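Protein chains in written order, with the numbering used here: chain A, 48 to 116; chain B, 4 to 210.
Since the hints were made in silico from the structure, they are not lab data.
Given the structure is predicted, the values throughout are model-derived calculations rather than measurements.
Any given hint could turn out to be false.
[Said to hold, decoys possible] Short, incomplete list of chain B residues facing chain A, as computed with Cβ under 7 Å:
#1 R70
#2 V73
#3 V81
#4 G87
#5 M154
Just so you know, even glycine gets a beta-carbon here, dropped at the ideal spot from N, CA and C.
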Amino acid sequence: MDLAIIEKIFAIVGGIIVFLVAVIAFWNDRKSVGIDNHVFKLMLVLLAVGAALAFFAAVGLLGNFPKAA
Amino acid sequence: MAVATLPHAQTADHGEVDRLYAETRDLRLNGFLLFLVSDVVLFSSFIFAYLYMRNTGQGWPPPGINRLDVAFAALNSVVLFGSGATMHYALENWKHGNFGRYAGLMVATIVLGAMFLCGQGYEYTTLYFREHVSWAGSGIFGASFFTLTGMHGFHVFVGVWYLTVLLLQSVHGVYTKQKYFGLTAGTLYWHFVDVIWVVLFSIFYLI
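Extracted from the complex, chain A is given alone in its bound form (with noise of 0.2 Å):
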């Protein structure tokens, strides 16, 4: 199998199960407070923001640009 099949399947795979994580954890903290929680919150969204774009790019439907001549 080709190299880059298997690493998209990979980033496919791993995208999907950070992002669920993220959401996981993002929802099990949503009541927590202080500084320190609601920077941990933010950053979970971003987290599962990025998971997202690494499967959109694995699965070709971002950064899928045509190669240089």
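Since chain A is already given, all that's left is putting chain B on it; use the hints.
Positioned in the frame of chain A, the structure of chain B alone reads:
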């Protein structure tokens, strides 16, 4: 400083330590957040300089340079983001007294961080030897890519050592279930490193 390193072993006056810890925790938290804000400013200045130069040039990437490998970058990104998730749950397990799980998740975080660095090293090697892209010899593209990702990689490298020290400290009883500011700071730092990579991954590989 002495308060932060006091073990939970028998000390002369627990009440005094608790009072000092409570008084200084918020100060230290605010100081650490300010440090992270200053790092955001540092990265932002480089990111905006890169975006400005990119948009004033003639097409991107410049002629003679191929687009970066998105598939590998996506995989490496997932590795780093995964380490953010394990770090978050490491702290949660510490708070709930699950020290075994905490240690396991900390080790996982450190390993994933090191894997990300290895991935970045592989990407640099590939770019340098196969694509002939270098920091000094590839114009704005090479300079901005290696500067920004290198600066981020340095932060990850520091973070891996930082987390290793935190793990060793916690094993040796420096932190307790009630007093664990160092672990909170480490988690904040690691999340920050993740979030910066979300931005770098987007601007270098996805647009």
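Here's how the hints hold up against the structure:
no.: 1; hint: R70; result: holds, 5 Å
no.: 2; hint: V73; result: holds, 4 Å
no.: 3; hint: V81; result: holds, 4 Å
no.: 4; hint: G87; result: holds, 5 Å
no.: 5; hint: M154; result: violated, 18 Å
Hint compliance for this structure: hint 5 is the single one not met.
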